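Novice: Which chain is which? The protein sequence lines are V and U, in order. Taking the numbering used here, the leading residue of the first sequence gets 1, the next gets one more, and so forth. Taking the numbering used here, the leading residue of the second sequence gets 1, the next gets one more, and so forth.
Calculated directly from the structure, the hints in this document are not laboratory data. In this text, all values refer to a predicted model and were calculated from it rather than measured experimentally. Treat the hints with care, since some could be wrong.
Since the list gives no way to pick one copy over another, a pair counts as held whenever it fits inside one copy or between any two copies.
[As the list claims (entries may be wrong)] Listed below are the simulated SDA-like cross-link pairs for lysine to any residue, each with C-alpha atoms no more than 20 angstroms apart in a straight line: (1) K81 / R13; (2) K81 / A56; (3) K141 / V111; (4) K141 / R251; (5) K141 / E119.
There are 2 protein chains.
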Amino acid sequence: MILVDGMPAGAVRATDRGLAYGDGVFRTLPLAEGRSRHWRRHHAKLAADCAALGLACPPESLLLDELRLACADATGEQVAKIIVTRGDGPRGYAYAQDAVPTRIVSASPRVAYPADYAERGVRVMKCRLTLGDQPALAGIKHLNRLENVLARAEWNDPSIAEGLLCDAGGRVIGGTMTNVFIATGGELATPALTRCGVAGVTRERVLDGARSAGVPCAVRDIGWGEVLSADEVILTNSLAGAWPVREIGERAFEAGPLARSIQRWLSSDDEETA
Amino acid sequence: MILVDGMPAGAVRATDRGLAYGDGVFRTLPLAEGRSRHWRRHHAKLAADCAALGLACPPESLLLDELRLACADATGEQVAKIIVTRGDGPRGYAYAQDAVPTRIVSASPRVAYPADYAERGVRVMKCRLTLGDQPALAGIKHLNRLENVLARAEWNDPSIAEGLLCDAGGRVIGGTMTNVFIATGGELATPALTRCGVAGVTRERVLDGARSAGVPCAVRDIGWGEVLSADEVILTNSLAGAWPVREIGERAFEAGPLARSIQRWLSSDDEETA
Chain V
1 MILVDGMPAG AVRATDRGLA YGDGVFRTLP LAEGRSRHWR RHHAKLAADC AALGLACPPE
61 SLLLDELRLA CADATGEQVA KIIVTRGDGP RGYAYAQDAV PTRIVSASPR VAYPADYAER
121 GVRVMKCRLT LGDQPALAGI KHLNRLENVL ARAEWNDPSI AEGLLCDAGG RVIGGTMTNV
181 FIATGGELAT PALTRCGVAG VTRERVLDGA RSAGVPCAVR DIGWGEVLSA DEVILTNSLA
241 GAWPVREIGE RAFEAGPLAR SIQRWLSSDD EETA
Chain U
1 MILVDGMPAG AVRATDRGLA YGDGVFRTLP LAEGRSRHWR RHHAKLAADC AALGLACPPE
61 SLLLDELRLA CADATGEQVA KIIVTRGDGP RGYAYAQDAV PTRIVSASPR VAYPADYAER
121 GVRVMKCRLT LGDQPALAGI KHLNRLENVL ARAEWNDPSI AEGLLCDAGG RVIGGTMTNV
181 FIATGGELAT PALTRCGVAG VTRERVLDGA RSAGVPCAVR DIGWGEVLSA DEVILTNSLA
241 GAWPVREIGE RAFEAGPLAR SIQRWLSSDD EETA
């Protein structure tokens, strides 16, 4: 079901700034029985992303009510999507300080990825598109996602699960829909997302897991060469959990001990569900 | 009136990829009695932008019919907006090759800018935000416009008509909603838009006007220093026509002969209207 500003609607005004300019942010998260295992992190990230764009974030209790309502008639696991836009507005880039955000809360059945992806690992490719630097938007899960769309259109081989993207300087940033970690000599590293990329909630959970486990995990620039020479490469997002990479082009990898550690951290860091 | 896929609707599906990812393109153009003076250029640019994103561009005759319908009940000059998105789709960046685009055609009354803007010129500021380089999207009037939104939010002084943007290398690219020309020693120049920026139809008309008039107009990288030391700075778009700049921060300019030439070219390059 899709709720727009709390009403089962399925449609938004054609003059919404989310459509006109991609002026908004979003979240994608798994729900079980209408509840999110990591809601607090998702809401905190939504609030931070809204704040970065000067958007008023909808109250947490309202979103929780709407998430439950959106999957009230559903059976089985669901994927929720929350979009918050700047709301309706006249033509022109300027927005009113009192603009009323539009919120879109939807749920749809969760289609499980092949179990193989988490167990044996995934094949990935390096995308030709390079991500543009924009520090003012880096890390934010905003609605300007044409780079992701163009990158994802670079392959249609269903045996390739993800494409990895670098910036123009040849530093790896992440996948089209995942964050990336590399493991080298027992230590982890993940790209600093200060110029581009999306800083996901699962990335944050892995960073916390590494901290708790006493595994060093650097957040820094990582050149493409380091990816190819790493012992392990691991992709993460809220729906995938953690996928070991088993192939990037010619280079084969094994699903190694740090992929398994990350998977263990992610399966055991339950918060009180909301 | 707003037509969505030809129907007076005012709303689009909440699952439209234009909203989800900014996966689409748009045009803004003035209409007089339901007709556009430069329709051929606008349609050609719309078609080129669609092609750049792998979108099917709606047929010209359909759009013309819908433009007339959108302002059928209106009196006075109108501003039309055409949005073409990738259409409805499931979650995920991948799109189907046979995705059916959504087209949104709307018209609203044209609010004239102060006559002073074209006569005496406008005050502009330099925005702090720098535009990110993305050659794959440069020049295209796509729906990923958060940079423009953030830049426009840098001022609310109504006496400032526009903000100018540079790239991270300090090269001027254009205004939040305009293209820019500089005049130096009787010659014109406008930024090359190969890494960022939007290549507008009016910019193209000025380039053609300069060619016809035998005025040199280079399309090249232009440093910010060159803007401040230029004899004239001129801003253009489809609704504004050409505005001389009379002030950028501390630097004052006069509306000079090349601003007047550009205005003359733009007032006399009528195509057969469509």
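Novice: Should K141 paired with V111 be assigned to within, between, both, or neither, using CA atoms and 20 angstroms as the limit?
Specialist: Neither. Shortest intra-copy (22 angstroms) and inter-copy (35 angstroms) distances fail the 20 angstroms Cα cut-off.
Novice: Checking K141 and E119: alpha-carbon separation at most 20 angstroms within a copy, between copies, both or neither?
Specialist: neither (28 angstroms within a copy, 43 angstroms between copies)
Novice: Between the shortest in-copy and the shortest cross-copy C-alpha distance, which are at most 20 angstroms for K141 and R251: within, between, both, or neither?
Specialist: neither (30 angstroms within a copy, 39 angstroms between copies)
Novice: Under a CA distance limit of 20 angstroms, which applies to K81 and R13: within one copy, between copies, both, or neither?
Specialist: This pair counts as both: shortest intra-copy Cα distance 18 angstroms, inter-copy 15 angstroms.
Novice: Cα distance capped at 20 angstroms. Does K81 pair with A56 within a copy, between copies, both, or neither?
Specialist: within (18 angstroms within a copy, 27 angstroms between copies)
Checked against the numbered hints above, the structure violates hints 3, 4 and 5; every other hint is satisfied.
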